[in-house]
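Residue numbers (the numbering used here), protein chains in the order written: chain H, 1 to 307; chain R, 1 to 457.
Treat the hints as calculated values from the structure; they're not laboratory data. Glycine residues also receive a C-beta, built at the ideal position from the N, C-alpha and C atoms. Hints should not be assumed to be uniformly reliable.
[What the hints assert, rightly or not] Pair ranges (Cβ atoms, derived): (1) H:LEU39 / R:ASP117: 57 to 67 Å; (2) R:ASP238 / H:PRO132: 46 to 56 Å; (3) R:GLY84 / H:THR154: 51 to 61 Å; (4) H:PHE52 / R:ASP117: 43 to 53 Å; (5) H:ARG71 / R:GLY84: 17 to 27 Å; (6) H:LEU61 / R:PRO399: 49 to 59 Å; (7) H:ILE121 / R:HIS393: 55 to 65 Å.
[Stated by the list, open to error] Some chain R residues flagged as far from chain H (calculated, every beta-carbon gap over 12 Å): (8) GLY60; (9) ASP114; (10) LYS240.
[As the list claims (entries may be wrong)] Stretch by stretch, here's where chain H covers chain R in the computed footprint (C-beta under 8 Å, at least three residues): (11) 72 to 79; (12) 417 to 423.
Single-letter residue listing:
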Amino acid sequence: MAAAPGTPALAAAREAPARRGGRLRAAHGLKGSELSWALAFLLPYAAVFFAFVLYPVGYGLWLGSSPASYRALFADPIYAETVVNTLVYLAVGVNLKLFLALLLSGFFMRPGWWVKALLLIFVLPWAVPAIPTFISFHWMLNGQWGLINNALWTFFRMDGPPWLDTPHLAMGSVIVAYIWKWMPFWTVIFLAGRMSIPRELYEAAEVDGATGLRSFLHVTFPLMANLYTVCTLLSTIWTLGDFNTVHFVSGGGPALQTHVLATLGIRDAFELGDPGMGMAAVISALPLLVPLVIILMRRLSKGEVQL
Amino acid sequence: MKSLSWRPFVVAACLVGTALLSTPANAAGQTVTVWWNQGFYPAEDQAMKDVIAAWEKQTGNKVDLTFYNGSDLPAKIVSAITTGEVPDLCYVDNGDFLLLGQNAWNDKIVDVSDVVDTQKSQYSQTAVTAARLYDNVTKKRSFFGVPLKQQALHYFVWRPMIEAAGYKVEDIPKTWEAYFDFFEGVQKKLRAKGQRVYGLGYSLATKDSDSTYLFNQFLVAYGGAGLVTPDGKLHADDPKVREAAIRALTKLTTPFKEGFVPPGAINWGDPDNNSAFYAKQIVMTPNATLSIPVAQMEKTDQYMHEIVTQSGPLGPDGKPTTSLVSVKLAFIPKGAKNVDGAKDFLKYLIQPKVIDAYLVAARGRWLPVMPSLAKEDPFWTDPKDPHRAVATHQELDGPTMPWFQAFNPAYADVNAEQVWGKAEANVMTGGMTPEKAVDQALAQIKTDFAKYPVPAE
Chain H
1 MAAAPGTPAL AAAREAPARR GGRLRAAHGL KGSELSWALA FLLPYAAVFF AFVLYPVGYG
61 LWLGSSPASY RALFADPIYA ETVVNTLVYL AVGVNLKLFL ALLLSGFFMR PGWWVKALLL
121 IFVLPWAVPA IPTFISFHWM LNGQWGLINN ALWTFFRMDG PPWLDTPHLA MGSVIVAYIW
181 KWMPFWTVIF LAGRMSIPRE LYEAAEVDGA TGLRSFLHVT FPLMANLYTV CTLLSTIWTL
241 GDFNTVHFVS GGGPALQTHV LATLGIRDAF ELGDPGMGMA AVISALPLLV PLVIILMRRL
301 SKGEVQL
Chain R
1 MKSLSWRPFV VAACLVGTAL LSTPANAAGQ TVTVWWNQGF YPAEDQAMKD VIAAWEKQTG
61 NKVDLTFYNG SDLPAKIVSA ITTGEVPDLC YVDNGDFLLL GQNAWNDKIV DVSDVVDTQK
121 SQYSQTAVTA ARLYDNVTKK RSFFGVPLKQ QALHYFVWRP MIEAAGYKVE DIPKTWEAYF
181 DFFEGVQKKL RAKGQRVYGL GYSLATKDSD STYLFNQFLV AYGGAGLVTP DGKLHADDPK
241 VREAAIRALT KLTTPFKEGF VPPGAINWGD PDNNSAFYAK QIVMTPNATL SIPVAQMEKT
301 DQYMHEIVTQ SGPLGPDGKP TTSLVSVKLA FIPKGAKNVD GAKDFLKYLI QPKVIDAYLV
361 AARGRWLPVM PSLAKEDPFW TDPKDPHRAV ATHQELDGPT MPWFQAFNPA YADVNAEQVW
421 GKAEANVMTG GMTPEKAVDQ ALAQIKTDFA KYPVPAE
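All chains should be modelled from the sequences, with the hints used to inform the complete structure.
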């Protein structure tokens, strides 16, 4: 119901901007020691922000500002392949991971102590440090002396697939390792989202005959859609900068065919000894990254991330 | 109006100043900061620590020594040179392959002629040539690295595996084609007995330096030594060079496609052929330095009897193969705060007795760059040692040549870009013919050389 003219609620709403304006004016009106103390408290934060955010970002942009770096980057035949790999990694890795996490979060909503115990085990991959995890994947998938292919030889006298030695299998292995590592985190996020959906909605839907898949399609999914979208955006942004998974699982191999932009940047900067070209590789992801950040910020600022 | 108080600013300045200046300070001129490649085993690191301790005791100076993993150190050095926050002295095993030539070209390295001159007469010609790099700013060739040690490609064989296949080590042929074919035969026999092994442990990857070393050594063996001449000129259009490259590429990739090389070799880093060899999954592997046997020195049976070191077969032309020798160089980046201290330490380190003691304490994995050491110290030619004498004879008595990047830094770019590794992959997994892969590689090499127009001396 709308507030009637002259009611206390409307009066408070009218006064709010005025109060905010008053505070702003007060802040601008600081004088003498008050202003000095305000600046003194602000200065360390400003210095840290400059030293650890503005300066590194500015230095990076400056390193990658030469057109020659971009000419060299675009002339490198690996670059085009890397862009494709990055898009595949994002499209398959992020979406498959989040979709599976959404489904699994439904499973973990089930009652029973064993489900809770399973959830505890399920989140372990996310809890353990990332680098040893990916190195373990690398060793397990080694074609000659890895755990999987050794077992195949021991039990069946057959050579297993060259997991990391052909581009498609290697990229697939990277994506599987990535999903295994990060799916538990997003499952817990979606689980929290599901738990905040009121039970009454499901009961009402059940009265109307919506159970199982129909309940998921008409109740759960619409209510989770905003959360799912924001999680997809956030995960895409994080994954775009993911260096560890590719570096430690496939190493960008075989024959430099599974690099993504994050690992190519490091290769160009440090293996080729060309920091400008390395920064150019990273900066070339900005046309994708910046719109994602803008969309995410708009969604968050509109307060749409709610059930 | 209330006057502005300065006290808060003083407090803030102190806080910020404390944060910014809380890093430990070095005593200027007294401490030499050294970044050194971590050894393959603890004895290598201890050998360097001992040298440093002796120099510190003699001079009263201090060395701030940090060991870095060999895969990480080039990146660390590139960052340091880019930002200007450099150590006083650097040594990285792959420095000559990846970064020294380009940085000398760009005038980022200190001229160390005065250091090298103290022992110049002791050095082999290969070492002297490898250390003289071109500075494109000063337009002169000079010593930008101090030769410490060297490596060449040797061939390591498991004696028990040869014997399990019904052969003796003496049965291994001495001629080029027959030598490598022999190990394919060994694999067939061992596989027939149910063993999951491969005859040839070739590194065929696009990372680190082993695969680069192997391809270029084969290129030289097939007559491609003229790809880059000592005047720094590229001869990519020389039909002899192209033919040698095609034959080298064919010889290395055909066994891979036929299943005589582990499929994972397409992804091997430098330690991986060592690991595969220790796991007895490969019968023979080519490897630069004596790291494979030396790391097993405590296992007397393996070191003395089971691992066999060979200098390889005669070349395809029936003559002894010229060994590509990689000379390992220490260098001082420009911007170093204590150049004099670093030079003083290097002068101490390259004294024949000191460098010999260092290399001996490191168990002889690397060979000396001073031929006199091999003659005067029986350690290097001890006939009771089954590995060192072979390597010493190959590297210091046999025909050798420095790597191409010593003639022109463009070849370090070629190495870093893994141009030949990519050519191998194009043939092995991309379905390309060796001819096309070589032509593509040579085109890339021409592009790289166009960036480094070294004038003739």
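* **Hint check for PRO132 of chain H and ASP238 of chain R - Cβ pair distance inside 46 to 56 Å** => Given about 50 Å between the Cβ atoms, the range holds.
* To do: Over 12 Å to the closest beta carbon of chain H is the bar; see if LYS240 of chain R clears it.
  => Holds, since 28 Å exceeds 12 Å.
* To do: Look at the Cβ atoms of LEU61 of chain H and PRO399 of chain R and judge whether their distance stays inside 49 to 59 Å.
  => holds, 51 Å
* Taking C-beta pairs only, is ASP114 of chain R more than 12 Å away from all of chain H? -> holds, 27 Å
* Are there three or more residues in the stretch 417 to 423 of chain R whose C-beta lies within less than 8 Å of some C-beta in chain H? -> holds (count 4)
* Just checking, GLY60 of chain R versus chain H, shortest CB gap more than 12 Å? -> Label holds. Min Cβ-Cβ 37 Å, cutoff 12 Å.
* Are there three or more residues in the stretch 72 to 79 of chain R whose C-beta lies closer than 8 Å to some C-beta of chain H? -> Check passed, 4 qualifying residues.
* Asked: Does 57 to 67 Å hold as the CB distance between LEU39 of chain H and ASP117 of chain R, or does it fail?
  -> Hint holds: Cβ distance 58 Å, inside 57 to 67 Å.
* Holds or violated: 51 to 61 Å for the Cβ distance of GLY84 of chain R and THR154 of chain H? -> holds, 55 Å
* Can you let me know if the beta-carbon spacing of ILE121 of chain H and HIS393 of chain R is within 55 to 65 Å? => holds, 60 Å
* 17 to 27 Å as the expected CB spacing between GLY84 of chain R and ARG71 of chain H, which holds or is violated -> Once the Cβ atoms are compared, 26 Å apart, the range 17 to 27 Å for GLY84 of chain R and ARG71 of chain H holds.
* Take the C-beta atom of PHE52 of chain H and the C-beta atom of ASP117 of chain R, compute their distance, and say whether it sits inside 43 to 53 Å. => holds, 46 Å
Hint violations for this structure: none, all hints satisfied.
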